[in-house]
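Asker: Residue-level listing of the chains:
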Amino acid sequence: MTSTATRALVTPEAPSRRLRGTRRAHEGSRAEAVTAWTFLAPFLVLFALFTGIPAVFALSASLTDMTARDIRDPFGVNFTGFEAFFKIIGNPGFQSAFLNTVMFVVLCVPLSMGLGFALALMLNSAIRRLRTFFRAAAYVPVITNIVAAAVIWQYAFSITGPVNNSLGALGLPQPNWLGDPGWAITTVVMMGVWRTAGTCMILFLAGLQAVPEEIYEAASTDGAGRWRTLWSITLPLLRPTTLLVTVLQTVSFLNIFEEPYLLTKGGPLGSTKSIALWVYEQFGFGNISASMAGSVLLLLLVGIVAIVQFRMLRPKH
Amino acid sequence: MHITPSRSRRAVLLGAALVASSALLLAGCGRSGDSGAAGSGGGAKIDDKPAKGTVEIWTQGADGAKLPDMFTEFKKDNPDVTINMTQVPEAEFISKMTAAITAGTVPDLIYSFTESQSALLATGGFEPVPDGLVKPDDFFPVIWENSVVDDVAYGVPWYAYADMTIYRKDLAAKAGVEAPTDWASMRTFGEKLKASGVEYPLALYVNYDAYTARQLLTFAKQNGGGFISDDQKTWTINSKENVEALEYWSGLIKDGLASPDGPAFLDTVSWSTTGKNAAIIDGGPWFIGWFDDANGKGWADQNLSLAVAPTGPNGDTATTVGGGSWFVPKDSKNKDAAWKFARFMSTPQSQVKWYQIFHNMPALKAAWDDPAMKGDRVLETVKAGLETGVNLPKVATWNQVGDVIGQQIEKVVRGNTSAKDALDEAQKQAESIGTGK
Numbered sequence: 009m010t011s012t013a014t015r016a017l018v019t020p021e022a023p024s025r026r027l028r029g030t031r032r033a034h035e036g037s038r039a040e041a042v043t044a045w046t047f048l049a050p051f052l053v054l055f056a057l058f059t060g061i062p063a064v065f066a067l068s069a070s071l072t073d074m075t076a077r078d079i080r081d082p083f084g085v086n087f088t089g090f091e092a093f094f095k096i097i098g099n100p101g102f103q104s105a106f107l108n109t110v111m112f113v114v115l116c117v118p119l120s121m122g123l124g125f126a127l128a129l130m131l132n133s134a135i136r137r138l139r140t141f142f143r144a145a146a147y148v149p150v151i152t153n154i155v156a157a158a159v160i161w162q163y164a165f166s167i168t169g170p171v172n173n174s175l176g177a178l179g180l181p182q183p184n185w186l187g188d189p190g191w192a193i194t195t196v197v198m199m200g201v202w203r204t205a206g207t208c209m210i211l212f213l214a215g216l217q218a219v220p221e222e223i224y225e226a227a228s229t230d231g232a233g234r235w236r237t238l239w240s241i242t243l244p245l246l247r248p249t250t251l252l253v254t255v256l257q258t259v260s261f262l263n264i265f266e267e268p269y270l271l272t273k274g275g276p277l278g279s280t281k282s283i284a285l286w287v288y289e290q291f292g293f294g295n296i297s298a299s300m301a302g303s304v305l306l307l308l309l310v311g312i313v314a315i316v317q318f319r320m321l322r323p324k325h
Numbered sequence: 005m006h007i008t009p010s011r012s013r014r015a016v017l018l019g020a021a022l023v024a025s026s027a028l029l030l031a032g033c034g035r036s037g038d039s040g041a042a043g044s045g046g047g048a049k050i051d052d053k054p055a056k057g058t059v060e061i062w063t064q065g066a067d068g069a070k071l072p073d074m075f076t077e078f079k080k081d082n083p084d085v086t087i088n089m090t091q092v093p094e095a096e097f098i099s100k101m102t103a104a105i106t107a108g109t110v111p112d113l114i115y116s117f118t119e120s121q122s123a124l125l126a127t128g129g130f131e132p133v134p135d136g137l138v139k140p141d142d143f144f145p146v147i148w149e150n151s152v153v154d155d156v157a158y159g160v161p162w163y164a165y166a167d168m169t170i171y172r173k174d175l176a177a178k179a180g181v182e183a184p185t186d187w188a189s190m191r192t193f194g195e196k197l198k199a200s201g202v203e204y205p206l207a208l209y210v211n212y213d214a215y216t217a218r219q220l221l222t223f224a225k226q227n228g229g230g231f232i233s234d235d236q237k238t239w240t241i242n243s244k245e246n247v248e249a250l251e252y253w254s255g256l257i258k259d260g261l262a263s264p265d266g267p268a269f270l271d272t273v274s275w276s277t278t279g280k281n282a283a284i285i286d287g288g289p290w291f292i293g294w295f296d297d298a299n300g301k302g303w304a305d306q307n308l309s310l311a312v313a314p315t316g317p318n319g320d321t322a323t324t325v326g327g328g329s330w331f332v333p334k335d336s337k338n339k340d341a342a343w344k345f346a347r348f349m350s351t352p353q354s355q356v357k358w359y360q361i362f363h364n365m366p367a368l369k370a371a372w373d374d375p376a377m378k379g380d381r382v383l384e385t386v387k388a389g390l391e392t393g394v395n396l397p398k399v400a401t402w403n404q405v406g407d408v409i410g411q412q413i414e415k416v417v418r419g420n421t422s423a424k425d426a427l428d429e430a431q432k433q434a435e436s437i438g439t440g441k
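Residue numbers (this note's numbering), protein chains in the order written: chain A, 9 to 325; chain B, 5 to 441.
Calculated from the structure, these hints are not laboratory results.
Possibly wrong hints are sitting among the right ones.
Ranges between beta-carbon positions, derived for each pair [to be verified]:
(1) B:270 <-> A:153: 46 to 54 Å
(2) A:319 <-> B:270: 45 to 53 Å
(3) B:378 <-> A:153: 23 to 31 Å
(4) B:203 <-> A:244: 43 to 51 Å
(5) A:140 <-> B:174: 53 to 61 Å
(6) A:153 <-> B:422: 19 to 27 Å
(7) A:50 <-> B:107: 45 to 53 Å
When the alpha-carbon atoms are kept at most 30 Å apart in a straight line, the in silico BS3-like pairs for lysine-lysine are as follows [claimed, not checked]:
(8) B:139 <-> B:369
(9) B:357 <-> B:301
(10) B:369 <-> B:387
(11) B:100 <-> B:79
(12) B:56 <-> A:95
(13) B:198 <-> A:95
(14) B:398 <-> B:100
(15) B:339 <-> B:441
(16) B:398 <-> A:273
(17) B:424 <-> A:95
(18) B:70 <-> B:357
(19) B:49 <-> B:258
(20) B:441 <-> B:424
(21) B:432 <-> B:244
(22) B:198 <-> B:339
(23) B:301 <-> B:334
(24) B:357 <-> A:95
(25) B:139 <-> B:301
(26) B:196 <-> B:178
(27) B:357 <-> B:80
(28) A:273 <-> B:196
(29) A:273 <-> B:387
(30) B:100 <-> B:56
(31) B:339 <-> B:378
(32) A:273 <-> A:95
(33) A:273 <-> B:432
(34) B:280 <-> A:273
(35) B:178 <-> B:198
(36) B:100 <-> A:95
(37) B:432 <-> A:95
(38) A:273 <-> B:441
(39) A:273 <-> B:80
(40) B:378 <-> B:139
Cβ coordinates follow ideal geometry from the N, Cα and C atoms, glycine included.
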């Protein structure tokens, strides 16, 4: 939206002594603004109803001592300032959920992006036959229903499940995938990577296809080898895509919920409990202010991380 | 992304607006003294005239599917009533109900399982049972009392169940063991089965959540312990009796008589069918039907034996029980008809009828005298268990405290934490969580 349009909206009664041409132009942009706002209206209404109002509620509730016992009289609660925030920051359960979440991000983001990038490179140049098939196959986990997938993973990785049976048949050790803290984290990370690598692949593939062929031709004329081309041409030109994928993946893994919730319920010994899962549990326990404070902190975390990433990976002019 | 000055100014404005509106919302806040449960006694008396109007019922769990059969029965004497039923997924029931109470868009009647009643009642969104609607003494006390808060009853009991020991006849015969009757014989029972080749003789509930805590509570009660004082005000989680119970329970796992990793609830039947387990300790009566579903009709009769829960070292009895009761929300638009349906469901005829339809057992003692309820070993075992049923702590924070206890139990089983340290920690956390009063 241009600033003229804003002014036109704010001051509809334009001063009368104006040149005709300017006035007409003004009216034109005003009509444009009305059209724009009309088109935006459905989104704004939905946004206000389902994001804005709940966000205000969450923020407000996080500043009180609200519990499920107050819901018939939501205003009959005490304003406690940032007490809920200090309380949860000092809560060992929240601290461990925070560390687990950081760990999921640190492990899952590079792994899923690496895998996605490798798949994209292969599909872009190496694989010629059945390209569509492989592309679809790599994307299937993204569109698979997460609940159905988790049930299968849970079955496959149970101590007596097919994965361990196969390992046993090969004479390999059979870890307790879901019952041992270290292995449970591994399983959740594997599922997270499995489920999101396809998205990374599609985005990288789009980025790769936007790189002009001539540049590669020029590079090859200059005698650049495969790795040199990858390092000096492909990666720098993919910078905007990489930025986008990094931010999307980081945000999605900061909010990780389904994988641990469905696979391990956050266990064993709380080793896979993420912040989102902790927030969900607190809400279930009726600790509304604690759970809202947790989600506000999570939102802040997501915002800060996204801004930092945008700054770090901003295109260099 | 480059933030232009005007955009960032707008962002600041938006933030300011959010804070201002929050402040406005909060300005009206402040607790108004002690807003406890509604006063004594029930609401208006419910007459015997036929029910009228529309009744909106929310159900949860599998029970809802067959409920319309009972609506048909109810309509025979109440032709002018219309019943609409909505099935709500069990896992979402509390949050959905909580939201409905907040918004005032409640149904006229719901039923709630014993585990979630305290949390629901804590919202203050339900009507007391009207005076004279039903007689409290007609029901098993363990179910009736579960929905009594500060001497006010809120729920009309619908059905009840009691857990039991369910074990494989053939495997027990092979190992030369009889049904366990107390803690000592349960251990020998497990050891002999283990010696005869069963990998994990006993199935315990090892999800380490509030249900695991509930199982520990039953063992604690068998040892004269308990999680909360009789007035429901003080947590007593780390008492000596409870520590001993946890040592016994976790000892079964540490000595390889039970697995720390399973069965999870839904694969209980498969673990016992394949002979990986030989006995379900503290198993619900529904498992018997599930064995038939999985292995063919008559399998359970042929292969399974049942026994009441074992007694503790000093002969104390305790059994895990559960069930469901009917509740009428305060904002219900047709309380009269809702209570009439709840009353109808608690008559001996309806209680027996529902058992025949769905195999849920009567919460009404008199219904057990019906000839239809005689000569069935499952029923007899359940009835014996109901007499020694254990109540969960009746506080709004039980689910959270139960979860804490479950987590601490896991530390004993999987880690090197002692039972004493684990329950000390659970007690500490429970005290900081409180009882929600």
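Asker: The structure should be examined with respect to each hint, and the outcome stated for every one.
Answerer: So, going through the hints one by one against the coordinates:
Range check, residue 270 of chain B to residue 153 of chain A: Cβ separation about 18 Å, and the 46 to 54 Å hint is violated. In this structure the hint that residue 319 of chain A and residue 270 of chain B lie 45 to 53 Å apart at CB holds, the actual value being about 48 Å. Between residue 378 of chain B and residue 153 of chain A the beta carbons are some 47 Å apart, a value that contradicts the proposed interval 23 to 31 Å. Checked against the hint of 43 to 51 Å, the pair residue 203 of chain B and residue 244 of chain A fails, with Cβ atoms roughly 58 Å apart.
Between residue 140 of chain A and residue 174 of chain B the CB atoms are about 55 Å apart, so this pair conforms to the stated range of 53 to 61 Å. As the Cβ distance of residue 153 of chain A to residue 422 of chain B is approximately 43 Å, the hint placing it in 19 to 27 Å is violated. Checked against the hint of 45 to 53 Å, the C-beta distance between residue 50 of chain A and residue 107 of chain B comes to roughly 24 Å, which is inconsistent with it. Restraint check: the Cα-Cα separation between residue 139 of chain B and residue 369 of chain B comes to about 11 Å, which is no more than 30 Å; the hinted pair holds.
In summary, the hint linking residue 357 of chain B to residue 301 of chain B is supported, as the alpha carbons are separated by about 22 Å, within the 30 Å threshold. As the CA atoms of residue 369 of chain B and residue 387 of chain B are separated by approximately 9 Å, the hinted pair is consistent with the 30 Å bound. Restraint check for residue 100 of chain B and residue 79 of chain B: the C-alpha separation of about 28 Å stays at or below 30 Å, so the hint holds. A C-alpha spacing of about 51 Å is found between residue 56 of chain B and residue 95 of chain A, which places the hinted pair above 30 Å, so the restraint is violated.
Between residue 198 of chain B and residue 95 of chain A, the direct Cα distance comes to roughly 48 Å. Violation of the 30 Å bound is thereby established for this hinted pair. Distance check on the hinted pair: residue 398 of chain B and residue 100 of chain B sit about 21 Å apart at the alpha-carbon level, within 30 Å; holds. Restraint check for residue 339 of chain B and residue 441 of chain B: the C-alpha separation of about 28 Å stays at or below 30 Å, so the hint holds. For the hint pairing residue 398 of chain B with residue 273 of chain A, the CA-to-CA distance comes to about 25 Å; that is within 30 Å, so the pair holds.
Distance restraint check for residue 424 of chain B and residue 95 of chain A: the Cα-Cα separation of roughly 27 Å lies within the 30 Å cut-off, and the hinted pair is therefore satisfied. A hinted pair counts as satisfied when its Cα atoms are at most 30 Å apart, and residue 70 of chain B with residue 357 of chain B qualifies at roughly 12 Å. A distance of roughly 56 Å separates the Cα atoms of residue 49 of chain B and residue 258 of chain B; the hinted pair therefore is violated under the 30 Å criterion. This hinted pair checks out: residue 441 of chain B and residue 424 of chain B have alpha carbons roughly 27 Å apart, not beyond 30 Å.
Of the pairs offered as hints, the one joining residue 432 of chain B and residue 244 of chain B holds, with about 15 Å between alpha carbons and a cut-off of 30 Å not exceeded. Under the criterion of a C-alpha separation no larger than 30 Å, the hint pairing residue 198 of chain B with residue 339 of chain B is inconsistent with the structure, at around 56 Å. Taking the CA atoms of residue 301 of chain B and residue 334 of chain B, the gap is about 45 Å. The hint is violated against a cut of 30 Å. For the hint pairing residue 357 of chain B with residue 95 of chain A, the CA-to-CA distance comes to about 52 Å; that exceeds 30 Å, so the pair is violated.
Simply put, residue 139 of chain B and residue 301 of chain B have alpha-carbon atoms about 39 Å apart, too far for the 30 Å limit, and the pair is violated. Among the hinted pairs, residue 196 of chain B with residue 178 of chain B is consistent with the structure: their alpha-carbon atoms are about 10 Å apart, no more than 30 Å. Taken as a hint, the residue 357 of chain B and residue 80 of chain B pair is honoured in the structure, with Cα atoms around 15 Å apart against an allowance of 30 Å. Taken as a hint, the residue 273 of chain A and residue 196 of chain B pair is broken in the structure, with Cα atoms around 34 Å apart against an allowance of 30 Å.
Under the criterion of a C-alpha separation no larger than 30 Å, the hint pairing residue 273 of chain A with residue 387 of chain B is inconsistent with the structure, at around 34 Å. With a C-alpha separation of about 27 Å, the suggested pairing of residue 100 of chain B with residue 56 of chain B holds against the 30 Å cut-off. Between residue 339 of chain B and residue 378 of chain B the alpha-carbon distance is near 36 Å, which puts this suggested pair outside the 30 Å criterion. For the hint pairing residue 273 of chain A with residue 95 of chain A, the CA-to-CA distance comes to about 24 Å; that is within 30 Å, so the pair holds.
At most 30 Å may separate the alpha-carbon atoms for a hinted pair to count; residue 273 of chain A and residue 432 of chain B meet this at roughly 23 Å. Distance restraint check for residue 280 of chain B and residue 273 of chain A: the Cα-Cα separation of roughly 24 Å lies within the 30 Å cut-off, and the hinted pair is therefore satisfied. Only pairs whose Cα atoms come within 30 Å are accepted, and residue 178 of chain B paired with residue 198 of chain B is accepted, the gap being roughly 11 Å. A hinted pair counts as satisfied when its Cα atoms are at most 30 Å apart, and residue 100 of chain B with residue 95 of chain A qualifies at roughly 27 Å.
The suggested pairing of residue 432 of chain B with residue 95 of chain A holds, with an alpha-carbon distance near 16 Å, which does not exceed 30 Å. Taken as a hint, the residue 273 of chain A and residue 441 of chain B pair is honoured in the structure, with Cα atoms around 29 Å apart against an allowance of 30 Å. With a C-alpha separation of about 46 Å, the suggested pairing of residue 273 of chain A with residue 80 of chain B is violated against the 30 Å cut-off. In summary, the hint linking residue 378 of chain B to residue 139 of chain B is supported, as the alpha carbons are separated by about 24 Å, within the 30 Å threshold.
Going down the numbered hints, you'll see the structure goes against 1, 3, 4, 6, 7, 12, 13, 19, 22, 23, 24, 25, 28, 29, 31, 39, while the others check out.
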